[in-house]
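S.K.: Chain residues, written in single-letter form:
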Amino acid sequence: MAVPGGLFAVYKPAGVAWGRVRGAVETALLRELNAAPGRPPRQHVRFLPAPDGTTGLVAARVPVLADHPLVRGPRFRRLKIGAGHRLDTKASGVFVLGIGHGNKLLTHLYNCHLTKVYTVGGLFGKATDDFSDTGNLVEKTTFDHITREKLERIVAVIQGTNHKALLMYSNIDMKTQEAYELAVKGLIRPMGKSPPIITAIRCLQFALPEFQLEIHCLHETQQYLRKIVHEIGLELKSSAVCTQVRRIRDGVFTLDDALLRTQWNLQSIRNAIWDCQLKVKTELEKTLGHQDKSLLPKMAAEMAHAADG
Amino acid sequence: MALWARQGSRWCGLLKAARAAEFPRSLRDRSSTAQACRGFAPLALPPSRNDVLLWRRQGYRHVSVGSCSPPDSAKDGSFSSESNLPSPVEQEQAKAETLPDLNAKILYEDWDDIPPSSALEEISEEEAVQIIAEPLLPLQSSTLRDYVDHSETLAKLVHLGVDLSQVEKRQKAGQLLLTLDFEKDIRKILLFLKDVGIEDNQLGPFLTKNPYILAEDLEALETRVAYLKSKKFGKAEIAQMVSRAPYLLLFSVERLDNRLGFFKNELGLSVKKTKDLVIRLPRLLTGKLEPVKENLQVCQIELGFQPNEIQQIMFRTPKILTASKKRLKQTFDYLHNIMGIPHHMLTRFPQVFNSKLLRIKERHMFLMFLGRAQYDPAQPSYISLDQLVSLPDEVFCTEIAKASMQDFEKFLKTL
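As you go down the protein sequences, you meet chains L and P in turn.
Take 1 as the starting number for the first sequence in the UniProt record's numbering and just add one per residue.
Take 1 as the starting number for the second sequence in the UniProt record's numbering and just add one per residue.
Don't read these hints as lab results, they were simulated from the structure.
Among the hints, a few may not be true.
Listed next, with one range per pair, are the computed distances between beta-carbon atoms [stated by the list, open to error]: (1) L:P209 / P:D393: 32 to 40 Å; (2) P:Q140 / L:F47: 26 to 34 Å; (3) P:K410 / L:R42: 46 to 54 Å; (4) P:G234 / L:L137: 54 to 62 Å; (5) L:P63 / P:N265: 30 to 38 Å; (6) P:K410 / L:A207: 17 to 25 Å.
Using N, Cα and C, we set each Cβ at its ideal position, and we do this for glycine too.
Excised from the complex, chain P in its bound form (with noise of 0.2 Å):
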């Protein structure tokens, strides 16, 4: 505060007034005082070099230096309210010189030293630019809107893309950007996910998602990269699969290599098939292996998959390893139990599980109205269960259950 006061603007009487107000209680309980000083504050408010009114202020800034040692200002205020000075002018004066505070003392020499400056002063087009008259920042914010116009670091990441609203929403991600600097800190990263493969246009959306990698040193990152590398992943496939799964490059080595050794192992997969559906789904890897392990428990003794057609399901489809199990048991509900889908079908086509059901459900009502639900390869005008699920829905409609878009809408409205 003290601070405050003294690189404060010299000239605004007004200001100062507002904090004459702001006395200790002690000191306003007295009441002369600080109506003296409210009564004075006008007085100095238009600047001039007027000698009499710089010393006035002298006399003002004790005041508020006083203000915020209360023990010192309570003594001061005791003191000014039982002398009956004539002047508020005087009065001032009186304390400034009765203030025991060293903080005072050096800030009274400080003053005799420093020549003051005016508001009328000339001063050199250099020092104009370097006055910002804006209001200071805030100490703490819970957005980086507030330091995005003043941090070159946080202009250049805008510039490149990178989504500061959704950054400031993770964890400790705003403070970890303000305490970085973009040609110290930065520029290495970037330059080594660009070295990595990852586009340029890719990068702020990749930072966006994973701005903990910047804090993250780069030997680490090139020894994960290198350990990729020694599985023999391509420089392409590395690429693709960093910029689709950004958390991949924290991962340490160790753990990598108990992931790739739990999905070979758990699937039963071959190494190269293992690289294969890792580089097709790399979010498998940074994701949390739990809810793999249950979805497979669930196909195999829920679903009753034998193991062999659920390796070529979750082959195919590896995005139902990471679905979730609620959705996967009542698509299979459905599928199984009610269309009359055996087993063997649905690991021909494992892609009707990561269709919407109410998708299904509305599309096998719509072709068991016009009587066409024919499912079974072995019949006539049958009707395979990728085109069930994947065609829009204008096609469907044409092709497959050869009707109108309106009957379908009409139809809808009938469920």
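So here's chain L without its partners, still in its complex pose (with noise of 0.2 Å):
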């Protein structure tokens, strides 16, 4: 049975490190590859006495014993799995992971620098060491002056400052024909390295003393989008705790692609791989297509290579 190879996506757990998960994935993977069926095993000539007991011996074929699969083992010790933009051990959400041909696609996927999309939950009125519900309580505050017009505000506000932090790190001259074409496409984004920026933010929920946003963003971890929680507690005069970090999309994959803990078999994960393939391939022409064509047919092989395999 081959390997599949490929890119896909897992909804991991909140307080479950992503290492557990992708051990998961392949110890689940790998126990239904070593079930299959392998090679039949080689045969080689002795001579055995003859069957009806008259002496001389007879050529037989009996298969080597050294390929039975008690003796030779399992036939897959371990896959290669890679995981693309990690989530850590609070946080939960779509994350992806790729078998054999798709960690070089998971490279090209990281150097797209693509726009992740998390819903983070918020609650005033407390604020602790490590900007999560879990951490160790700092400080109680009050918040009924706080009201959602307020909370917009300064949602609106963070939007703004990151939008030029965004224009600045793309390294493209604004008054250029090719900014303007970047622009129509939707890839003004920064190429190389930079700060966290949140490309969009938005309020979803709001009942004191929760609420809850919805973010965009490139280049983040976790920890800081916990932070910007705290921060707009601080705006608001008050403070925020976060309490939940889930990420709704990577990149292309989205909720519905990701794959819940009890669909973590083969069938389920060949399935998504094929089902996203097409996804990943357009992406990766549209973002890297126009920075490098020779780079085009080179990455085409690798994906005809990845939907064989």
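Now that you have both chains on their own, put them together as the hints suggest.
M.R.: So this is what it looks like as structure tokens:
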């Protein structure tokens, strides 16, 4: 049975480290791959005593015992599974994994610097040392004065400052035709390293003391998003902790593509790879295509290879 | 090396040429000899019953022997390099004569006695079967794979169902299996295990887990079984215990006695109940006792169970005794502090401690979301803890949560 190759997304539960998630997927795949019947054992010629009891020897082909499954051991012992943008232990959500040739695609996907979408839950009135609700309490504040309008005003300010940073780090002269064309395609974003940048942020829910934000961002860490919540609390002359960080989209992978813990098996992963293949390909061509034309044929070959495998 | 050279295939000139190239440096530096040898080798390649060629080969044998004793060959080399001999054959001969090596002389005599064999000589069928045209067995190897085709013992063990790929990972188990003989050492142990009551198809997995029993003294094993019988364990119970905890029979009688006493005292159970406990989970007897003590302390001090509650919990689910204490604490924290389940309920359903925390969390959150999280038996629409954790996902959704599987999956993606 062939090892699948390509990219797929799983839903990482909160409270589990990403390494454990990858390990669990690997174990599940290995179990199924090794359960499938392997190659038949080699044969070698041996001279055996004649079966009818007469003297003399009969040549016979017998299977080589060294190829017996109990001697050889499992066929696959480990798989190369790479992880996309990480999620820390407390965060949950879409988590991209790549098997086999998918590992190369992961690199290309990283070079695309696609945005990710998070929903972030916050709770006013508390501050902790690590900005999450499970940390050590630092202070308690009042929050009765906060209204939805005040929150949205702060949110708009954050988006404005980040937009300026976005233009600065994208390294494009805004007064050129090139900048216009990129802007039409929606491709203005930093193509190298940059500090975390929020491209869009809005308030989904507001019910004191809780609120929920949707944040589109790139080059972020989950801890940065928790810090944003903390700073929003401070700006509103109160304090806030982050109750939940959940990624609902990572580049081209959405929540619907993500496989739940119960679906981590060979068939579902094959299907998921198949379903996402086209999306990944078009996205890579769209983003990397205008940058470097020479990269494309190589990438197309890799994609085709991944499809075969 | 010398031995190998004597036994090795007699007609393979090429191989010898390779050996000649490996002469000690003193010889090679003078270069004339080594080169002569290399030039000579192809001559000897086509094997025939030519007397001259045979004699040449004699000369060659000495070269290969000489190459194994460096001081001799060095002397030899210095000699040959200075004399400017016309033909390489003569050179070899000269060398053969000057070899002062005693081994070589013996070899020389041997060579005269035995009529030389050739590739074209007809041999009987019996002899033909004896010839093994395969590479020699490696002297050391990290895996039993190299030996399994040549060892009858290993082959029989594989047919019995022993997973050699697992056994070879164990310390010294591979060496042990290689030194044993099936008829002499293994058969009696297998018969003994069958007497104890292990099923035929279980013998393979049993030996996979515990290959060391094959090296154990039969009398000692019989004493241990006799001890278990004296403690009024039935025959079927002993069979079950031994097959579930393969290392049980490696424990000496005193140790077994100590351990039975330990569980009786620590848990304060009666003799009959202790027996029942170890029959259900015999690995308690073979495992370490330290984690068991720690778990009992955790239950009493950190989780705050009463001694009689602990006794009840441990008797019903002995697996908790060997569970990880960190997991135990996390699960209890969630059940007691977040789901608000009191101690006496947990004592009634101790099996919740064996299920995964993530599973409890997911299901509890889903029930909370639906407004059905009601774990108090006194109130209507009560959901028992057993139902919460033990049912499979589909049954849980339809029977307990009264929702569809799709809804549950969608809900899980919002956590």
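S.K.: Each of the hints needs a verdict: does it hold here or not?
M.R.: Comparing the hints with the structure gives:
{"no.": "1", "hint": "L:P209 / P:D393: 32 to 40 Å", "result": "34 Å, holds"}
{"no.": "2", "hint": "P:Q140 / L:F47: 26 to 34 Å", "result": "29 Å, holds"}
{"no.": "3", "hint": "P:K410 / L:R42: 46 to 54 Å", "result": "51 Å, holds"}
{"no.": "4", "hint": "P:G234 / L:L137: 54 to 62 Å", "result": "59 Å, holds"}
{"no.": "5", "hint": "L:P63 / P:N265: 30 to 38 Å", "result": "55 Å, violated"}
{"no.": "6", "hint": "P:K410 / L:A207: 17 to 25 Å", "result": "22 Å, holds"}
Checked against the numbered hints above, the structure breaks only hint 5 and satisfies the rest.
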